[in-house]
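Chemist: Please put together the full structure from these sequences, using the hints given.
The sequence shown begins at 1 in UniProt numbering and counts up one residue at a time.
FYI, nobody ran anything at the bench for these hints, they're computed from the structure. Watch out, some of these pointers could steer you wrong.
To be verified - Derived Cβ-Cβ restraints for the label pairs, each shown as a range: (1) LEU38 <-> SER18: 27 to 33 Å; (2) SER45 <-> SER18: 36 to 42 Å; (3) ILE21 <-> GLN41: 28 to 34 Å; (4) SER18 <-> TYR39: 29 to 35 Å; (5) SER40 <-> ALA20: 26 to 32 Å.
Virtual Cβ for every residue (Gly too), placed ideally from N, Cα, C.
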Amino acid sequence: NSDLDEVSESSASTSMKSPAIEANNLCLSRLFAFFIRLYSQIVHSERNLPKSPIVMMASGAPNKAKMT
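Modeler: This is the structure in structure tokens:
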């Protein structure tokens, strides 16, 4: 936890010089968190639902999804 605080503090101090970079980093981190959440939902739904080509493609198995 202390490591994360140090990293965020150092990145905040350097990005104060450029607000655009800070906004871009915030956007990227939100996007990254969104993809992690989406991926975990896909992995979770894979256990409960029958596998569809879209789910398998999103979970990184496009070769099995070439049924169409």
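Chemist: Could you see if the CB distance from SER18 to TYR39 stays within 29 to 35 Å?
Modeler: holds, 30 Å
Chemist: Range hint 27 to 33 Å: satisfied by the CB atoms of LEU38 and SER18?
Modeler: holds, 29 Å
Chemist: That 28 to 34 Å hint for ILE21 and GLN41 (C-beta), does it hold up?
Modeler: holds, 30 Å
Chemist: Look at the Cβ atoms of SER45 and SER18 and judge whether their distance stays inside 36 to 42 Å.
Modeler: The hinted range 36 to 42 Å holds for SER45 and SER18, with Cβ atoms some 40 Å apart.
Chemist: Is it true that the C-beta distance of SER40 to ALA20 lies inside 26 to 32 Å, as the hint says?
Modeler: With Cβ atoms ~31 Å apart, the hint holds.
Of the numbered hints listed earlier, not one is contradicted by the structure.
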